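Trainee: Here is how the chains run, residue by residue.
2 protein chains.
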Amino acid sequence: MRIIVDAMGGDNAPEAPVKGALQAVKEYGVEVTLVGRGEDILEVLRREGLDEVPAGVSITHAGQVVEMCDNPATAFKEKKDSSLTVGLNLLKSGEGDAFVSAGSTGALLAAATLLVKRIRGIRRAAMAPVVPTGGGGAVLVDCGATAEGTPEFLLQFAFMGSYYAEHVLGRPEPKVGLLNIGAEPSKGTSLQQEAYKLLQKAGEEGRVNFVGNVEAREAVEGAVDVIVADGYSGNIFLKTMEGAGLFLGREIKKMFLRNVRSKLAALLVKDGIRDFKKLMDAGEVGGTALVGIAKPVIKAHGSSNDYAMKNAIRQAVEFARSGIIEDISDNVEHMRLPVKPASAGTENGGA
Amino acid sequence: MRIIVDAMGGDNAPEAPVKGALQAVKEYGVEVTLVGRGEDILEVLRREGLDEVPAGVSITHAGQVVEMCDNPATAFKEKKDSSLTVGLNLLKSGEGDAFVSAGSTGALLAAATLLVKRIRGIRRAAMAPVVPTGGGGAVLVDCGATAEGTPEFLLQFAFMGSYYAEHVLGRPEPKVGLLNIGAEPSKGTSLQQEAYKLLQKAGEEGRVNFVGNVEAREAVEGAVDVIVADGYSGNIFLKTMEGAGLFLGREIKKMFLRNVRSKLAALLVKDGIRDFKKLMDAGEVGGTALVGIAKPVIKAHGSSNDYAMKNAIRQAVEFARSGIIEDISDNVEHMRLPVKPASAGTENGGA
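Sequences listed follow chains W and R, in order. Each residue of the first sequence is one higher than the last, beginning at 1 in this note's numbering. Each residue of the second sequence is one higher than the last, beginning at 1 in this note's numbering.
Hints listed in this document are in silico derivations from the structure and should not be mistaken for laboratory results. It should be emphasised that the depicted structure is a prediction, and the values quoted were computed from it without experimental measurement. Virtual Cβ for every residue (Gly too), placed ideally from N, Cα, C. A hint or two may mislead.
[Stated by the list, open to error] Think about it this way: if two alpha-carbon atoms lie no more than 20 Å apart in a straight line, the pair counts; the simulated EDC-like pairs of lysine to aspartate or glutamate are:
1) 254(R) x 97(W)
2) 253(R) x 271(W)
3) 254(R) x 271(W)
4) 277(R) x 251(W)
[As the list claims (entries may be wrong)] Part of the chain W face toward chain R, derived, beta carbon under 8 Å:
5) 28
6) 216
7) 242
8) 272
Given only the sequences and the hints, what does the whole structure look like? Please build it.
Mentor: Shown next, in the form of structure tokens:
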């Protein structure tokens with residue numbers, strides 16, 4: 001297994017991707033191709049005390065870097081020698097099994113969609129992070145790849161999320177819930193109401209384990225394994241969780257810093273605090289899978305350090321080994337709406 | 001000041017509303033009219049050791065109760081002698097200054113809209129809870145009164161939320177943010193994109209302090225005083241926060257229950273834990289204001305205990321005293337889109 005890593009993507013590049021890759025090679029016995037400015041990568045290796053490129057690591061030079069100011073939709077075309085474009089072309093041509101980048105989400109999504117392409121029959125790729133919940137985590141799909149959804153997109157997200165939860169989280173017959181503001185099928189906007197009908201039908205036919213609408217509170221508490229949402233709502237859900245974790249984390253810190261007694265208390269529950277921080281730390285998961293793309297692509301958090309990058313590479317290995325893409329390809333006929341003349345697959349959902 | 005209280009609404013009725021009302025009369029010097037089954041209300045008073053109806057409290061008998069199984073849209077018409085209908089009619093006819101209920105949200109909203117009516121020119125009433133944030137709380141408007149929004153609804157929510165933040169939270173020139181998935185005006189669905197334009201224009205004209213899009217994470221961290229959202233998204237935001245609070249609260253409890261050392265730690269930060277719980281407790285705020293209705297209406301949480309009901313009554317007093325409804329009425333012309341023939345105010349937003 002060989003993972004292609006964008007050495008120039010993210011706030012801490014090239015240090016974090018290069019060091020994360022070195023750790024992953026050691027820890028998981030995987031091979032890594034680092035893509036980016038050769039001299040910058042070698043410089044990081046030298047600072048790590050390595051005068052030669054170590055076994056399991058190879059470097060592919062790419063002289064350009066996609067910056068945050070570049071137009072995400074066109075960056076990969078305008079910068080053909082960027083680590084993003086070169087890396088994804090390696091993936092496309094089979095010179096690696098998965099691609100990991102901590103660079104711009106929009107640019108990665110556009111480039112993956114247009115270079116590597118979607119799985120045939122999939123209308124939209126989706127971002128599918130694993131979010132911490134009371135049930136040991138759930139797959140949220142989509143969290144922002146496409147702001148505006150259609151019922152058919154949501155149906156496909158449900159299938160793709162199911163395969164991900166089954167293969168990567170090890171949940172047999174994962175429970176799929178539609179993120180909504182109440183339990184009844186009539187709840188939500190017309191998008192949720194129409195998606196509910198499609199999901200219910202798929203559930204009745206035994207093709208997906210649809211358990212109905214799930215309210216945000218119950219989703220956080222762990223009611224389902226897969227949370228289906230349009231990109232806008234999924235992003236609100238994800239970012240609210242992140243914000244609440246940061247906000248409450250700070251309040252807890254304040255609680256422990258109040259006085260001598262509270263500082264002593266902090267010492268007594270040191271391990272507990274460490275585990276609590278770990279629970280809320282995006283770096284533990286590593287990154288977010290782009291589901292629906294024809295080959296495995298992982299978006300690591302922009303602020304990833306080497307530990308987070310190592311975990312994102314581990315996640316890429318799991319994704320590539322899982323057989324999810326094969327599952328989606330084999331079953332895509334079940335995920336499509338019957339094609340209606342002149343209206344299929346439009347932004348109005350054809351429902 | 002006289003507050004009308006639905007004595008039959010909520011999971012803990014009639015105990016919680018009656019006891020909360022007694023406490024509010026004592027603590028805030030306010031008068032309360034309890035509406036509901038006379039014998040049930042008197043029974044609670046007797047259990048509280050009161051053989052007579054105490055000073056400041058009056059009872060208006062209403063023989064019916066709106067139940068969760070009633071159709072929310074029509075319950076107030078079908079049960080004309082319900083505490084909901086009788087209470088709102090008292091409010092309408094001026095026999096009280098505000099109405100508080102812990103009963104069904106949908107039924108309360110429909111009844112308030114159709115009996116008490118909206119402020120002239122306001123397209124939709126909205127639920128405007130104060131949510132805990134790193135900035136000491138923010139007004140979220142809407143959190144679920146209307147699932148599907150239009151740009152004009154969101155413009156009006158921004159104004160109404162501003163008045164609420166200014167008068168009730170004491171924030172001069174409150175910062176208004178549009179809940180979105182990125183900072184740029186092009187982010188989000190067409191609803192957010194169109195609402196952004198209206199809000200930007202209102203901001204440029206100095207009519208509202210619009211600071212742009214606000215991501216969910218920054219909203220929780222306290223970036224703005226007013227979070228503007230359609231009812232669906234606002235509900236996802238609110239319920240995700242509630243869920244995260246419950247989930248993390250449980251994890252913290254686990255941390256303190258681990259062993260003897262951690263239990264000792266819990267004793268040392270007892271006050272801190274109490275304050276932390278208070279921060280996340282919906283009962284501290286009491287209830288959610290229905291803004292846009294011609295008279296003050298407060299929805300208390302369905303699971304309110306007497307303490308939460310007392311706080312909801314306090315909130316009703318603040319709402320009634322604030323002059324928000326007068327402010328909205330006086331300025332409603334600024335909140336309306338120019339009427340276009342045949343398209344104004346439709347569900348498509350006329351934008």
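Trainee: Each hint: holds or not?
Mentor: Comparing the hints with the structure gives:
Restraint check: the Cα-Cα separation between residue 254(R) and residue 97(W) comes to about 40 Å, which exceeds 20 Å; the hinted pair is violated. For the suggested pair residue 253(R) and residue 271(W), the alpha carbons sit about 14 Å apart, so the restraint of at most 20 Å is met. Straight-line distance between C-alpha atoms of residue 254(R) and residue 271(W) comes to about 12 Å, which keeps the hinted pair within the 20 Å bound. With a CA separation close to 11 Å, the supplied pair residue 277(R) and residue 251(W) stays within the 20 Å bound.
The closest approach between the C-beta of residue 28(W) and any C-beta of chain R is roughly 29 Å, which is over the 8 Å cut-off, so the hint fails. Given hint, residue 216(W) at the interface with chain R, holds; its Cβ is 4 Å from that chain's nearest Cβ, closer than 8 Å. The criterion of a C-beta within 8 Å of any C-beta in chain R is met by residue 242(W), whose closest approach is roughly 5 Å, and the hint holds. Contact between residue 272(W) and chain R, as hinted, is supported at the beta carbon level, the nearest pair being about 3 Å apart and thus within 8 Å.
Of the numbered hints given earlier, the model fails hints 1 and 5; all others are met.
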